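> Listed below, chain by chain, are the residues.
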Amino acid sequence: MIFSRSWKKRKLRSGGHLSSLSFQPGSDERGLTPLSFELESNLHILRNIFADCTDVLFHDFWISGSRRAILIYINGTANQEELNQQVLTPLLEGRRRSAGSPLFHGIIPVASGSEIGTIEETVRHVMDGNPVILTDGENTATSVGLTKWETRSVEEPIAESVVRGPREGFVETVEINTSLLRKRLRTPLLKMKSYKLGSISHTEVVIAYLQGVAEKALVDEVEKRLHSIRIDGVLDSGDLEELLQDNPYSPFPQLLSTERPDIACSQLLEGRVVILVEGSPIAVVAPTTFYSFLQSPEDYYERYFFGTVIRWLRYLFLFIALLGPSFYVAIVSFHQEMIPTALLLTMANSRELVPFPALLEALLMEITFEALREAGVRLPKQVGAAVSIVGALVIGQAAIEAGLVSSPMVMVVAITGIASFIIPHYTLGVAIRILRFPIMLLSGIFGIMGLMLGLLMLLTHLFTLRSFGVPYLSPLAPLNLQELSDVMARVPLWMTDASVDEHRGKNTGRDQEPDTT
Amino acid sequence: MYRLLGVVLLLLGLTGCWDRKEINDIAIITAAGVDLTEDKKVELSVQLYVNHAGRQQEEADQTVVQSATGITLADAVESLQDTLSAQVFWGHTEVFIFGRDIARTGIEGHVDYFFRQPGPRGLAYLFVSRGKAKDILKQKPPLERSSSKSLEEIAKAQKGEGVTLKELAQMMENPAKVSIIPLVATLPEQDGGPVPYIYGMGVLKKGKWAGQMDEREAQGVLWLRNRIKFVMITIPIEKHKGYVSLKMVRGRAVLSPQVKNSKWSMQVKLHAEYDVRQNTTNLNMTIPADVSIVESYAAAYTRSVIKASLNKAQNVLHADVFDFSGVFHRKYPQEWKKAVADWERTFSEIEVDIQSTAEVLRPGVSNPHQ
Numbered sequence: 063m064i065f066s067r068s069w070k071k072r073k074l075r076s077g078g079h080l081s082s083l084s085f086q087p088g089s090d091e092r093g094l095t096p097l098s099f100e101l102e103s104n105l106h107i108l109r110n111i112f113a114d115c116t117d118v119l120f121h122d123f124w125i126s127g128s129r130r131a132i133l134i135y136i137n138g139t140a141n142q143e144e145l146n147q148q149v150l151t152p153l154l155e156g157r158r159r160s161a162g163s164p165l166f167h168g169i170i171p172v173a174s175g176s177e178i179g180t181i182e183e184t185v186r187h188v189m190d191g192n193p194v195i196l197t198d199g200e201n202t203a204t205s206v207g208l209t210k211w212e213t214r215s216v217e218e219p220i221a222e223s224v225v226r227g228p229r230e231g232f233v234e235t236v237e238i239n240t241s242l243l244r245k246r247l248r249t250p251l252l253k254m255k256s257y258k259l260g261s262i263s264h265t266e267v268v269i270a271y272l273q274g275v276a277e278k279a280l281v282d283e284v285e286k287r288l289h290s291i292r293i294d295g296v297l298d299s300g301d302l303e304e305l306l307q308d309n310p311y312s313p314f315p316q317l318l319s320t321e322r323p324d325i326a327c328s329q330l331l332e333g334r335v336v337i338l339v340e341g342s343p344i345a346v347v348a349p350t351t352f353y354s355f356l357q358s359p360e361d362y363y364e365r366y367f368f369g370t371v372i373r374w375l376r377y378l379f380l381f382i383a384l385l386g387p388s389f390y391v392a393i394v395s396f397h398q399e400m401i402p403t404a405l406l407l408t409m410a411n412s413r414e415l416v417p418f419p420a421l422l423e424a425l426l427m428e429i430t431f432e433a434l435r436e437a438g439v440r441l442p443k444q445v446g447a448a449v450s451i452v453g454a455l456v457i458g459q460a461a462i463e464a465g466l467v468s469s470p471m472v473m474v475v476a477i478t479g480i481a482s483f484i485i486p487h488y489t490l491g492v493a494i495r496i497l498r499f500p501i502m503l504l505s506g507i508f509g510i511m512g513l514m515l516g517l518l519m520l521l522t523h524l525f526t527l528r529s530f531g532v533p534y535l536s537p538l539a540p541l542n543l544q545e546l547s548d549v550m551a552r553v554p555l556w557m558t559d560a561s562v563d564e565h566r567g568k569n570t571g572r573d574q575e576p577d578t579t
Numbered sequence: 051m052y053r054l055l056g057v058v059l060l061l062l063g064l065t066g067c068w069d070r071k072e073i074n075d076i077a078i079i080t081a082a083g084v085d086l087t088e089d090k091k092v093e094l095s096v097q098l099y100v101n102h103a104g105r106q107q108e109e110a111d112q113t114v115v116q117s118a119t120g121i122t123l124a125d126a127v128e129s130l131q132d133t134l135s136a137q138v139f140w141g142h143t144e145v146f147i148f149g150r151d152i153a154r155t156g157i158e159g160h161v162d163y164f165f166r167q168p169g170p171r172g173l174a175y176l177f178v179s180r181g182k183a184k185d186i187l188k189q190k191p192p193l194e195r196s197s198s199k200s201l202e203e204i205a206k207a208q209k210g211e212g213v214t215l216k217e218l219a220q221m222m223e224n225p226a227k228v229s230i231i232p233l234v235a236t237l238p239e240q241d242g243g244p245v246p247y248i249y250g251m252g253v254l255k256k257g258k259w260a261g262q263m264d265e266r267e268a269q270g271v272l273w274l275r276n277r278i279k280f281v282m283i284t285i286p287i288e289k290h291k292g293y294v295s296l297k298m299v300r301g302r303a304v305l306s307p308q309v310k311n312s313k314w315s316m317q318v319k320l321h322a323e324y325d326v327r328q329n330t331t332n333l334n335m336t337i338p339a340d341v342s343i344v345e346s347y348a349a350a351y352t353r354s355v356i357k358a359s360l361n362k363a364q365n366v367l368h369a370d371v372f373d374f375s376g377v378f379h380r381k382y383p384q385e386w387k388k389a390v391a392d393w394e395r396t397f398s399e400i401e402v403d404i405q406s407t408a409e410v411l412r413p414g415v416s417n418p419h420q
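Here the protein sequences come in this chain order: A and B.
Each residue of the first sequence is one higher than the one before, counting from 63 in this note's numbering.
Each residue of the second sequence is one higher than the one before, counting from 51 in this note's numbering.
Next up, chain A with everything else stripped away, as it sits in the complex (with noise of 0.2 Å):
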């Protein structure tokens, strides 16, 4: 099977012991404790279970006037509003019933609800934010589906913003984010699935495909890997994205990671799994390849000629941001031939009172611009701009004025930090900002011949990488030309082939419906 060619499970460290909350004696063969007939008994455990817990609301009442019971609620998640409307009032005005569970008898009015038998499911469906009703002399409890949890409205994507395009960001809140891929692709092909991950969070993880499109065997791995996930908690995709990995010790991202639904959707036609996570506004796409990484979906909304211009600014820019420095450090230090000799000469008397060797210089200039960079992210907006002003224009005159750093060399930078956020996807941006260190490391020992070394190792790693057993830098190797064409331009939507796809399992192009049937 090739997509789960290279990875390996790995055991984790933390997590794995804390898998089960045991209650008390009395279990069935499933390791459960049923609901007993007494109220007292059930609300014995249970206030146990929730001792400590003052958000867990124990509310009691009589069902018209005549019978205990009990509602169990965590403040703030149930819609107390409609809680009083619909479920309490009916309760306690309606007529005498008998015994039963009220909802069955069709008393609460609300579109969803269950039936639930154990002191476990209980737990659950109240740590969901159901509100559940025990009621004396029964050994069921309903639950009833009335949860509200804070969420965030529907918003721009901030990190991958476009100026064609839809506006919607995932948020997060798991069923928002299926509703904005659902609405995007209105076929019951469009699958998904629901896990509960986290030994101790429970954190709801959503795997959607579309049926006929995606490779079974992709999304039995993609289900495999997620099994064998033993964690305490997943706060965010990148927790899951980690553990997913096939390479965990590479600096390159192997899973897309978006925030708009749009990526997301157009992924699932090419025939990929989106993984979507409770809490978190990100989605990951298994499998993804490098070239992903340098897509914008502005590249498909604009003019394709504009696309494809972009595109190949982008790879240069790639080039810039990984090498830029090191180039500069190897020929100012190495290789003065290949300068043009009016260059150098200039380049000669901005260095002449430059007391750091080029190396020490572009390694300064380039953490002191990391460091920036971090320090705006953190701080709060209306701060960030004062920093960066100060940061980049003050420091770096006075820099060039006190003679520390020459201007060629900062001019570098700026063209290097600007290089590098014009990688449309976050998180490559990252593992290429790293990797520059280490490269002009190389470059300032070997010069060139550093560099290259640097280059051919780097390479060396990708081609090896693999995203879910899909080759890394495919199509460019293994070479497949067809979908090259994507990679080198983008191709005009009416010119694009049906099938290109290796990850589809059907020939299904864009532009058709895959059968219903």
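It should be emphasised that the hints constitute simulated quantities derived from the structure, not laboratory data.
Since the model is a prediction, treat every value here as computed from it, not as a measurement.
Beta carbons are placed, not taken as given, at the ideal position from N, Cα and C, and that holds for glycine.
Keep in mind that a hint or two might mislead.
Pair by pair, the computed Cβ-Cβ distance ranges are [unchecked claim]:
1. B:ASN276 - A:ARG226: 49 to 59 Å
2. A:PRO402 - B:PHE165: 20 to 30 Å
3. B:PHE165 - A:LEU375: 37 to 47 Å
With the C-beta cut set under 8 Å, the calculated list includes, among others, these residues of chain B facing chain A [what the hints assert, rightly or not]:
4. LYS71
5. GLU72
6. ASN74
7. ILE76
8. ASN101
9. GLY141
10. HIS142
Subject to a maximum C-alpha distance of 25 Å in a straight line, what follows is the list of computed SDA-like cross-link-like pairs (lysine to any residue) [what the hints assert, rightly or not]:
11. B:LYS71 - A:PRO417
12. B:LYS71 - A:MET511
13. B:LYS206 - A:MET400
14. B:LYS188 - A:LEU407
Go by the hints and put chain B onto chain A.
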């Protein structure tokens, strides 16, 4: 695996940066001149680029000339290095000038220093100076940074006279052992001081100075070597009381060698295309008949240039400046092999048949004489 990686990383550090040289640590030589001293030693003069960052004088010179002497060129470089705080750097030397005195004793041994090491550029231009090379280096032409830059631009831009280090190496390897190098002269009385310019061509036999060809004769050499470029010729036409100036657009020479009964001959077909730049005659350039009169004069002019050049080469210098040796070698390898030992004599006896044609492409639009 990680231990191995660690060891490799440590080894990287051990090498240090032994090859590293910062820009501040190199003395950039923009031009070099080689002269002969009175006691037969080699005097090397280099034009060095000077940094002015942090210094006050704005109008200071950008280059200085420093000299050192030695038994050989390498020895001279060594003693020059002793007087410099920075490493001598040949990578940006674009002009090499040999004084005529040292050319007389032969330059072969000296250029060996430049050929042997990877530093000097193969595309640097080479000149022979009429006086001392050092004096040329010291000149400050007002338009350029230095005299070397000025010479380089002239050699690069104009009539195809420039000879590079690489071409010199090829010419010296040639069995005829004749090299041509542009000759630098000084135009003394100019507003901004003396300026160097190219005047004709120095001819070297086996690396030794054999004589020089003036500008007209040098043009003939360029013609027959098929290197002629945008020259301007001004032809007197007495019959029509004036001159016509023509700018050459294209010029092509086809050489057909022939060996018959051990008689060596060469047929040369020349064809040139011109634009008319000035016309002081009473010819009307809008009449085709008049244009063909100019064309026939132009053809005759080219013919006379070639004749003058051939005369100098065959009868005075006895040097195969046209590389006829190569042309014969390609067509008659057997005969050439026998003749090459005494090529100087064979060359001098080659009969050259010149057929010259000319064509005016753009006679121009104005016609003031009607």
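> Could you run down the list of hints and mark each one as holding or not?
Verification of the hints:
One distance hint, 49 to 59 Å for the beta-carbon pair B:ASN276 and A:ARG226, holds here, with the actual separation near 58 Å. For A:PRO402 and B:PHE165, the Cβ-Cβ distance of about 23 Å falls inside the hinted range of 20 to 30 Å, so the restraint holds. Checked against the given bound of 37 to 47 Å, the beta carbons of B:PHE165 and A:LEU375, roughly 44 Å apart, stay inside it. Look at B:LYS71: its Cβ gets to within about 7 Å of chain A, closer than 8 Å, so that hint holds up.
Of the supplied interface hints, the one on B:GLU72 holds, with its beta-carbon coming within about 6 Å of a beta-carbon of chain A, less than 8 Å. Given hint, B:ASN74 at the interface with chain A, holds; its Cβ is 6 Å from that chain's nearest Cβ, closer than 8 Å. Hint on B:ILE76 holds. Least Cβ distance to chain A is approximately 6 Å, under the 8 Å limit. A cut of 8 Å between beta carbons decides the hint on B:ASN101: the least distance to chain A is about 5 Å, and the hint holds.
Of the supplied interface hints, the one on B:GLY141 holds, with its beta-carbon coming within about 3 Å of a beta-carbon of chain A, less than 8 Å. Taken as an interface hint, B:HIS142 checks out: its beta carbon lies about 5 Å from the nearest beta carbon of chain A, inside 8 Å. For the hint pairing B:LYS71 with A:PRO417, the CA-to-CA distance comes to about 14 Å; that is within 25 Å, so the pair holds. Between B:LYS71 and A:MET511 the CA atoms are separated by roughly 15 Å; this keeps the pair inside 25 Å, and the hint holds.
Proposed proximity of B:LYS206 and A:MET400 is supported: the alpha carbons are some 20 Å apart, at most 25 Å. Restraint check for B:LYS188 and A:LEU407: the C-alpha separation of about 19 Å stays at or below 25 Å, so the hint holds.
Checked against the numbered hints given earlier, this structure breaks none of them.
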